[in-house]
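Visitor: One line per chain: the protein sequences are A and B, in this order.
Here the first sequence stands for residues 1 to 330, numbered as in our numbering.
Here the second sequence stands for residues 1 to 330, numbered as in our numbering.
Since the hints were made in silico from the structure, they are not lab data.
Mixed in with the good hints, there may be bad ones.
[Claimed, not checked] EDC-like mimics (lysine to aspartate or glutamate), calculated; alpha carbons at most 16 Å apart, straight line:
#	chain 1	residue 1	chain 2	residue 2
1	A	K88	B	E108
2	A	K88	B	E102
3	B	K137	B	E292
4	B	K88	A	E108
5	B	K105	A	D40
6	A	K105	B	E293
7	B	K315	B	E102
8	B	K88	A	E102
Protein chains: 2
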Amino acid sequence: MATIGAVAKQAGVSIASVSRVINGTAARADTEKRVRAAIDDLGYQPNSAARALKVRQSEQICLSFDDLSNPAYVLMTRGVGQTLSSSKYRLILSSAFSSVEEIVKHLETMGRGFADGLIISPIYSDPRIAELISQLKMPVVLVGTMPEGVNVDNVYVDSAAGLDMAIKHLVETGRKNIAFINGPVATNPGRRRKAAFEKSMKQLNLAFSNSSNLQAEAFTPEAGYRAISEFRDLKNFDAIICANDQLAAGAMKFCVEKRVAIPRDIALVGIDNIDLASLLRPTLTSVDLRAEERGQIAARLMLKRLANPDSPVKKITVQPQLIIRESSVA
Amino acid sequence: MATIGAVAKQAGVSIASVSRVINGTAARADTEKRVRAAIDDLGYQPNSAARALKVRQSEQICLSFDDLSNPAYVLMTRGVGQTLSSSKYRLILSSAFSSVEEIVKHLETMGRGFADGLIISPIYSDPRIAELISQLKMPVVLVGTMPEGVNVDNVYVDSAAGLDMAIKHLVETGRKNIAFINGPVATNPGRRRKAAFEKSMKQLNLAFSNSSNLQAEAFTPEAGYRAISEFRDLKNFDAIICANDQLAAGAMKFCVEKRVAIPRDIALVGIDNIDLASLLRPTLTSVDLRAEERGQIAARLMLKRLANPDSPVKKITVQPQLIIRESSVA
DNA sequence: TCTCAAACTGTAATCGTTTACAGTTGATGG
DNA sequence: CCATCAACTGTAAACGATTACAGTTTGAGA
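All chains, full assembly: derive it from the sequences and hints.
Guide: Have a look at this one:
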């Protein structure tokens, strides 16, 4: 592989001059021309490790989240990728953390400097994670709920408002008994959506009990299917909100099999508005949490922060949007 | 940030000794203990740029493909990510190339050494791409059709066999007139699937013409919907094969709207067997191209190659599998 | 206790860049 | 033609690790 030295020799100038041409610092037209010719000639590409070592920047941004099986995270990844692709930064993906230990280990390796910034969307809350994030010497953008004591750029979607919109929509279209199929309550989204559901129900003076509140063991269609099949008194409900679209897809499958008519007998609402929602039959009413947009925003926040490390910490809230489709209107 | 020098001073040993402890070369128990203590003390993490510069390895593997909107690539990414996560390598994601130029530019940057290997699944064939891949000084694993003149590790799925299985299945279940909705024929999958379709049809002595062969402008549900709505004589067909599940989902949507009964009036078969397939109504018969498995295999090939650069080039073929669901059997 | 090899340790060069600093060149105006 | 100054260029020192090589310890065996 050609090095900067080889280019310098070929062009008959010093290494420093080559470096300056590459980095756009002043150079005489003549020098520049010769250097560029030599670069082309040798097919020279500057070595990123050497550059990274010297300037203390890797030009890489790390995106970490729980797992790529969840389409909502895929959307987020897409948003981040898009935004980053028009910058000089490369995207490193770290996903599939099966335990808090793994993510802790991963966060510790951040100190190696292979990334200039970290965009993280932690599904679990854990004091160790919060602690490590705060101590990180690099810019961090957190997508999701901020853990206690962490103070970094944040992009936040008001999922409680989304849930509220969904409930109101159901009430307005005449539903009286609303159930909720949640994901694991040990996760951030699970915990927050449960709280939001209960709060909205109370505010609207709607009855709910433990039996109207089911917890699936994962945010997957299979788990949604299993969860709904555990309802003892499905007949008592005329609407179900699911903590994400995948759960809703599973629930819908169950209803189709058991000939529970959607939306006639039961209205179904999901959360995330992934592509799937408009392909199901009936099409699924869903609260769009704007995952792709959040990814874009997170990446933009990161780029700004990298350009301007001392600017005040920002928190951007995105508003969910209720996408009404067939599954909730008769 | 603590450097190896700081650790050495703290432990009262030389830099070399610290390095040796870290890298597991011989050290006296006493030395090792002091070094480890110092490392813990200072929270030292070796700088990856410095290490990469010296040992000429980045411990990063780059995965490149056309775009992340296609769930099949998400599956592949998952497979690669899984396999890599138990290795020392990090995953760099490069996606969303909108043109051959962009991918060429990207391949050129590979010379910077920020990745030790490249796993690539090019959707377009272009001599420049083939040329650049062959000239790359690093291990490459290609997922998909090998371009002319390229000789690297390859994981290949026999999609022609898959298409053949689909057609035979349709014939066996009594279908006589099979149409094909393809994606853009400018892409590798588009071109190959078209050829495979025509070859199988001929072999089985089935009639087909230009009018039974539609080309959607992308591999998306929307494009599938538009494509099927352009069929003049949908009534003449009793089966449609789509070049991927997303196209099939769009086609299915159209059929539902126009009250064309699936599978009674028309059987529908997709390709890829993404999660979506089992959630549609009717559930979608699909040729599983094992994208996730191909990702795993590609990553494993890469790891082997990195461990053993001179071993002979391997080509691994994975067999597709027809997953029969409701959309094709009455 | 002495010898000797094996096991460990330290010194210093090196990886390929960037950049401060000092030196050189060239152009301009008098 | 000279002085002056801006603009450019080259020299050399980093950046933080690894590792060849030479030097030092250690412990076993005589």
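Visitor: All the hints need checking, so say for each whether the structure fits it.
Guide: Hint check results:
1. Between the alpha carbons of A:K88 and B:E108 the distance comes to roughly 14 Å, so the proposed pair stays at or under 16 Å and holds.
2. Taking the CA atoms of A:K88 and B:E102, the gap is about 14 Å. The hint holds against a cut of 16 Å.
3. With a C-alpha separation of about 27 Å, the suggested pair B:K137 and B:E292 falls outside the 16 Å cut-off, and the hint is violated.
4. Only pairs whose Cα atoms come within 16 Å are accepted, and B:K88 paired with A:E108 is accepted, the gap being roughly 14 Å.
5. Distance hint between B:K105 and A:D40 is fulfilled; the C-alpha atoms sit about 14 Å from each other, no more than 16 Å.
6. Among the hinted pairs, A:K105 with B:E293 is inconsistent with the structure: their alpha-carbon atoms are about 27 Å apart, more than 16 Å.
7. A C-alpha spacing of about 27 Å is found between B:K315 and B:E102, which places the hinted pair above 16 Å, so the restraint is violated.
8. With a CA separation close to 14 Å, the supplied pair B:K88 and A:E102 stays within the 16 Å bound.
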